[in-house]
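2 protein chains.
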Amino acid sequence: MSPERPTHTARRMADIEPFHVMELLGRARELEAAGHDIVHMEIGEPDFGTPEPIIERARQALTDGHTHYTPALGLPALREAIAGHYRDRYGVEIDPGRVVITPGASGALLLALGVLLDRDDELLLADPGYPCNRHFARFVEGQARGVPVDATTRYQLDAERLSAHWNERCVAALVASPSNPTGTLLERSELAALAESVRVRSGRLIVDEIYHGLTYGIEAETVLAVDHGAFVVNSFSKYFCMTGWRLGWLVAPEEYQREVEKLMQNLFIAAPTLAQHAALAAFEPETRKILESRRAEFERRRDFLLPALRELGFEIPVEPRGAFYLYADCSRFGDSKQLASDLLEKAGVAVTPGLDFGNYRPEQHLRFAYTTSMERLEEGVRRIAGFLRVDNH
Amino acid sequence: MSPERPTHTARRMADIEPFHVMELLGRARELEAAGHDIVHMEIGEPDFGTPEPIIERARQALTDGHTHYTPALGLPALREAIAGHYRDRYGVEIDPGRVVITPGASGALLLALGVLLDRDDELLLADPGYPCNRHFARFVEGQARGVPVDATTRYQLDAERLSAHWNERCVAALVASPSNPTGTLLERSELAALAESVRVRSGRLIVDEIYHGLTYGIEAETVLAVDHGAFVVNSFSKYFCMTGWRLGWLVAPEEYQREVEKLMQNLFIAAPTLAQHAALAAFEPETRKILESRRAEFERRRDFLLPALRELGFEIPVEPRGAFYLYADCSRFGDSKQLASDLLEKAGVAVTPGLDFGNYRPEQHLRFAYTTSMERLEEGVRRIAGFLRVDNH
Ligand SMILES: Cc1ncc(COP(=O)(O)O)c(C=O)c1O
Ligand SMILES: Cc1ncc(COP(=O)(O)O)c(C=O)c1O
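The listed protein sequences derive, respectively, from chains Y and U.
First residue of the first sequence? That's 1 in UniProt numbering, and the numbers climb one at a time after it.
First residue of the second sequence? That's 1 in UniProt numbering, and the numbers climb one at a time after it.
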């Protein structure tokens, strides 16, 4: 057969970008393979493994032979446990029937946007933000409209910007609190204002709460405390240190329950069974204790890295109080992509250039992740300091 | 907030149907809860648990702490193992770089269709067929065009029907061999003819090979033996008895590799890590031995159930030689949906009405799955016989 057969590719693929940091990661691996030591400050997942009580529950599930499909919406016991989590942690009552167990927050986002976005419908979101969001929208032939945000709103969409950017094609707005890449949160009053602002426009608010639990000196507020019509996306990936298990959840408004179930059945059949059984141990006191000590460790790291980077001349005008990221203005050192490349090649430090998070001033920003040990962070800062001294004086 | 807020739902949701059998299953559970015994012949997954060597490998992965994300395309060792599987089992050489590890065949189908189908592009497929396929197409705003197939082509799309139904909006055709719900296969020459037929139209052939390995008195042919431009969908769910692990794969043509990787990163991040490690044991001789004895057991069941149902008056004109389904014309007993309901309520036997598999004569067909023990199948047949005698004489 002729190798020059024409290749038809869906147009959406031209708009769906790869994770740019993967190139950098590939280069980092090459350098490591050649014997160089690299400090990794680009990784978007906890360096900690899954807590032992969860591992132990998975072992038990293996022994018990839990290897078949679960119901599409998930194990009833896990849906109950998540509803219990909202009660215990936030004092919010939700019907377990509204909780859908998904393959990660990724799966939850795809469900929510698949149910909401018609072709050419628009989704408002903050730029910078989690890059996959605009691609989920594009995947279903919708369109993400990035709203430039900066320090004046703690890099969050607010009701004012929302009303300024909302148009007749908008059907939903998506925010994340704490946010990736900025680590900033929305307060309860801000969530309520956003919810109201979307509601009066007959739209829906989607809140990605995946970094809940990882906050420092503050508790994250769930939008469910102020709007039962919102879609809430969450996951066992980050706070619970279960990235590789591919397990998350969606709390959908009651009136969308049936639609979400249909999509879940058809797109995914169900979330991974073993992960669901294992996650039953995620809310137990013993696990909580482990997770809280890790949270404290993330806080220590942030408390070290934030002033250290500011000292070096990176501008981080708003204190990030959640997740494990610092989003730094690096413009005084030049273009962020070049800088990231130089830091890797010349200083052995891997960071993520702004490019991965949107179109609003990406060239002025780097994301630093504190998902490595204090010693390595200290080493990273030493190396960056050395590089900047040589390079700028 | 007012509970009557307007509910905007994407139009696609009106075309995406639930699994109708779930209602029946729900009713079956009610009956069971009330003390009734139900013979389950509606379940689309092996009754066997995952083989012990795979379980053991999962235990080891837990101990080794493999709980983080893997690369988007999957563990290199697993991609190699799958390429090795094509070499060993089919004598076909493929570059492991073309193998993408996915969350089930479900994930592989979403990737393939996401890369190929623009809005309003059409996908040809056999009706009856796996119900999710048309929904995957609809999800990305494409359109599935079902081609009615019957016993004359062993319920498969063939080159003749393909050319009769292809129009300028078609960009791909999707077939499954063995097929769900019919259990019939495509021969090598038929695959080659389909491939050629699609190729000359500048389209792509997608072949769902998820039931490979589960064949009786025949070996399934992979389309990769005749067309390296095809997309191949496969999974650890069925032959390998790993449904709940949510693990499958896609072999994509080389020129689509980069596009598929972008989608995999953005939609899924990666397939479940533990499952990937566990699946490394799937191709080992010890596992193969277990799986082959199960295959033999499925064959025994088919050899019992096929003549038994024909004896009762169900028409199964083509011998199903794969998967674990029999698709039977039940028209002499009335409408299939009513019949399925009656069989459940009056005979305690659960089967799937044709409705779940398409629009071509669904009311005349039932799908029987032999995913339960021989004793239970015998009991099921006895009950159906009793019901039909009472009901029809
Ligand atoms: C803001 C945000 N949302 C969603 C996800 C998806 O995570 P997962 O699918 O592992 O739950 C991520 C992962 O990095 C994220 O940062
Ligand atoms: C023909 C066919 N394709 C794909 C799938 C999806 O299976 P999975 O996602 O578990 O691999 C199924 C499941 O029943 C099927 O029957």
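I should point out that these hints are in silico values taken from the structure, not numbers from a laboratory.
Glycine included, every Cβ here is placed at the ideal spot set by N, Cα and C.
Hints may contain errors.
Unchecked claim - If you want the ones that stay clear, here's a sample from chain Y, every Cβ over 10 Å from chain U, calculated: (1) His8; (2) His40; (3) Arg59; (4) Ala72; (5) Gly84; (6) Asp118; (7) Asp121; (8) Arg161; (9) Val171; (10) Ile218; (11) Arg300; (12) Phe304; (13) Leu355; (14) Arg361; (15) Gln364; (16) Glu378.
What the hints assert, rightly or not - To be clear about the criterion: a stretch of chain U counts as covered by chain Y if any three or more of its residues have a C-beta under 8 Å from a C-beta of chain Y, and this derived list gives those stretches: (17) 45-56; (18) 287-295.
To see whether the hints hold, each was checked on the structure:
no.	hint	verdict
1	His8	violated (5 Å)
2	His40	holds (12 Å)
3	Arg59	violated (6 Å)
4	Ala72	violated (8 Å)
5	Gly84	holds (24 Å)
6	Asp118	violated (5 Å)
7	Asp121	violated (7 Å)
8	Arg161	holds (21 Å)
9	Val171	violated (5 Å)
10	Ile218	holds (26 Å)
11	Arg300	holds (22 Å)
12	Phe304	holds (23 Å)
13	Leu355	holds (15 Å)
14	Arg361	holds (22 Å)
15	Gln364	holds (24 Å)
16	Glu378	holds (23 Å)
17	45-56	holds (count 4)
18	287-295	violated (count 0)
Violated hints, in rising order: 1, 3, 4, 6, 7, 9, 18; the structure is consistent with all others.
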